[in-house]
Every structure is written in C-alpha cells, then in structure tokens.
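Protein chains in written order, with the working numbering: chain A, 1 to 99; chain B, 100 to 190; chain C, 191 to 511.
Incorrect hints may appear among the rest.
In silico lysine-lysine, DSBU-like type, Cα no more than 35 angstroms apart, as pairs [as the list claims (entries may be wrong)]: (1) Lys91/A with Lys41/A; (2) Lys91/A with Lys290/C; (3) Lys41/A with Lys66/A; (4) Lys290/C with Lys270/C; (5) Lys98/A with Lys41/A; (6) Lys66/A with Lys332/C; (7) Lys270/C with Lys41/A.
FYI, nobody ran anything at the bench for these hints, they're computed from the structure. Bear in mind the structure is a predicted one, so any value in this text is a computation, not a measurement.
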Amino acid sequence: MMLVDVLCAVLLIAGAVFFLAGTLGLLRFPDVYTRLHALTKADNVGLGLMMAGLALQAGSWAVVGKLLLIWLLVLLAGASVAHLVASGALKRGIRLWKR
Amino acid sequence: MQTLYLALAVFLLLNLGAGMWRVLRGPSAADRMLAAQLFGTTAVAILLLLAQAHGNAALRDVALLFALLAAVTAVAFVRRAWEQGASDDAG
Amino acid sequence: MEALTLLAWMFDGLLGLGLLWLAWRALTCPDLFRAIVLFIAFGLLMALAWVRLDAPDVALAEAAIGAGLTGALLMAALAKLHPTETNDNLSVQAEISRPKGRLLQWLPVVALLLVSAGLGYVVLSLPPYVTGLSAEVAANLKTSGVDNPVTAVLLNFRGYDTLLEMVVLLLALLGVWSLGGTELHRDTAPGIVLDTLARVLVPLLILVAAYLLWVGGHAPGGAFQAGAVLGAAGVLLLLAGWRPRVGLMAWPLRLMLVAGPGAFVIIAALLYMIEGQLLEFPTAQAGILILVLETAATVSIGLTLAALFLGGRPRNDKGLT
C-alpha cells in the first residue's frame, strides 16, 4: 500500500508543477499565441498527471472511467477552444511576437 | 494523503489567483478569455482533489459539468463577442 | 490533524477573500468585457464555495447556470452593444453615474456596512449546531419516493415552490419575447473545428443531462441541473450555426416550453380531484410522479434557457411565428 501512496504523491506533485508552469507561461509569455500554447499544453498535462495519481487511489473502475472521461473532455474542449481563439486572433490581426 | 490533497488544492487556488493578473492586464480580449480557461481547468483539478479528500463522489459530477460548460462559454466568446462585434463594426 | 484543519482554513480563507475581491472588481470595472470575465470567474469560485459548504446540488446548479450559461448570455448581450475596437481590446465603457454630493455617495456604503454588521451578528449568535429541518426530512424520506433529501424537498415536500419557480422562468422568457422578434437566419459558417466540437459535445451534453436527471433521485443532481445542461447543449447548437426549422418554432416549441409547469398543474389538479389535496403524492406512486415531473421540468428549463440565448421571439420572413 505504501508504494501506491508514494507513486500517487509523485504523480500529483508532478501535475501541480505543470500547473505552475502553465500559469507562469500565462503571465510571462509575450503574446496571445504563446500564452495559449503554454496554457493548453501545460494545464492539460498537469491535469492528466493528477488524474493518473487520483486513479491509483480510486475505489472502483467506474471512478477511473469517470476520471478518464473528464480528462478526455477537457483535452477536447481545450484543444478546440485554443484553435478557435488562435484563428480568431489571427483574423483580427493580432501580430505574432518576433524577437 | 488527506494533507497532500488539501495542500495541493490550496496551491491550485493560489495558482488561480495568480492567473487573475492576466485578466486584469491582458492587452487583448483573448488574453482575458484565456485566463477564464485557466480557471476552468484549475477548478476541475481542485474539485477532483476535494472529491478524493472527502470521499464525495458527487464532486466528480461537478467537475464533469465544469469541463463541459467552460467550453460553451469560450465558444460563446469566440462566436458572439468576437465575431459579431467585428462584423457589426465593419457593417 | 492540526495541519489538516490549518489547510482547510487556508483554503476557505483564500476562497472567501477571492470571492470578495472578484465581486468588487467585477462591479467597479468600467470595461464591461473585463467585468464579464471576472463575473465568470466569480461564478466558478462560488461553485467551489458551495462545495466547501457541503451543498453539491447547489454547486452543480451554480456551475451550470451561474458560470456557464450566464457567461454565454452576457457575451451575446455584449456583442449587441457594439464594442469599440481599441488595440484588439473589446471594450464597452459602462456609464457610471455618480450622485451629486458627498452625503449621497456615502449613504449606500454606510447602509451596506450596517446590514453586514447586522447579518454577522445574527449568524454569530446562532447556536453552533443547528439541525434545522433535516431531522424531519430524514424521518419522512421513506414516504417521499426518492433517496436524495434535496430532491425530496424540491419535488415533494415543497412542490409548490418548484411549480412557481417554473412559472417564473416562463415569465422571464415571455418578458424577453415581448421585447421583439429575432431573425432565424444563420450565423457565419462555423469552421470545421467548431462544427466537430459541437457534433461531439452536444450528444454528450444531452447524455449528461439525462444522467443528472436520473441520478438526482439518490445523489446530487436533479431537474434544474439537468435542464441547465440541456440549455447549454441548445446554446452550443445555436453558436455552431444550427437553426431549427421554422415550422417547429410555433406550436411545438410552445408546447414543450409549457410542458414543465403544465405537467405540474395537471398533476396537481388530478391529485386534488383524487385525494382532495393539491400536490400531495400518494406514497406508492410518489417515485413515478417525481420522475415524470422532473423530466417535463428538464425539457422545459433546457428549452427556456436556449430560447433566452436566442434573444427574441423566433421570426421568419412572414412575420413573428
């Protein structure tokens, strides 16, 4: 039992680190597109890692299934919304950041 | 384990607070909407952590709802506030 | 144990402070779009607060209606206000009118502080553990036909309130419809991403609505939450450019809109004729009746919310339907 707990803790903390990375990206990156990139990818990976950790502690397969469903939905919605926002931003002429 | 769940929940809430800065700063409307997406995903994570910490399975349903409805709000932004706003100005 | 309670306090404290700060910023922000996003964030934090207060049913409703649907409605309303384009900033400046004179400016603040102090005093002087009516509800739960005490109260013990709430929703829609008609013409064509997203999410939303309706019998869920999810499905369809056939917009739409309150009224009348009491469910049939009422209510609420998003009475070329 202890090994499962340790593994779960590692996964959860890794997920939290990715969330932090996503927020840092949101705050520090120079334009909308890079921020979108940081947010969508880092947050979804962070959520996935946290789900994996929670799935290890789940009581039944039904719970694991529900967690998986939620993660897949967040992925789908996040990716689609990121695409919509980015293409909308391009259409409205928000310029890409060039160094 | 309980302590870890709650500690991470507090951490995520602080994360959310940090993201608030982008809502206030973000030069364009898209930036503000991005921050709203952050809130949605973070809230899903917090709810799942709380569901495990308190053993309350209903909170997973709330997380499912969050995930679905954050998408609807973002699509409403892109299709209404953005596109129609622009066409109204042009037309 | 110490660390646990400390963390719980930190969480609740951050949540409370965040709610207050968000409310203040959302109200005082002159840029309306920023205010809308802050309001959506406020709705999300509010749902978390309900979760911490051990009320998942309310959290479900808050997430669905307060954060999701109201956000979409506000965005659609903002679009009609012709936002000005300044550096890709969608800003609509709210007109903040201040009353003249220092006294009038400070009077509301003083009044609010007094009310808050009064409320705080009342809350703090309550006995620490009040069970309220939960003992009575728990005692009578067997006769109510469902296992979830919230659903039992909403649909059985206080059925009148739910009936009147449904009528209020209908009145809100009538109010919006009385303001004018709206063309049913199509949006600009959605790109393939939006199209696919809608095709995947809408059936899923309908499924989740049905699930919430069914699970409301024994776990947090119920008609309002399911109806709100159904409304979100309708809103997503409308946003993806789908428009229903004009022929469906006249009588079929109206029939389904009144199905909820109508079912309540019909069942109330039947029960009055049979039992002599309005809305007194016989114990044996209580479960079935609640299910029927909840289904009708879900359909009505979902359609009402989607119709509210449309923004006006559906109209075709020949005039109002």
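Verification of the hints:
1. Lys91/A with Lys41/A: holds (23 angstroms)
2. Lys91/A with Lys290/C: violated (45 angstroms)
3. Lys41/A with Lys66/A: Roughly 21 angstroms separates the two Cα atoms, so the pair holds.
4. Lys290/C with Lys270/C: holds (31 angstroms)
5. Lys98/A with Lys41/A: holds (21 angstroms)
6. Lys66/A with Lys332/C: Between Lys66/A and Lys332/C the Cα gap is close to 30 angstroms, so the pair holds against 35 angstroms.
7. Lys270/C with Lys41/A: holds (33 angstroms)
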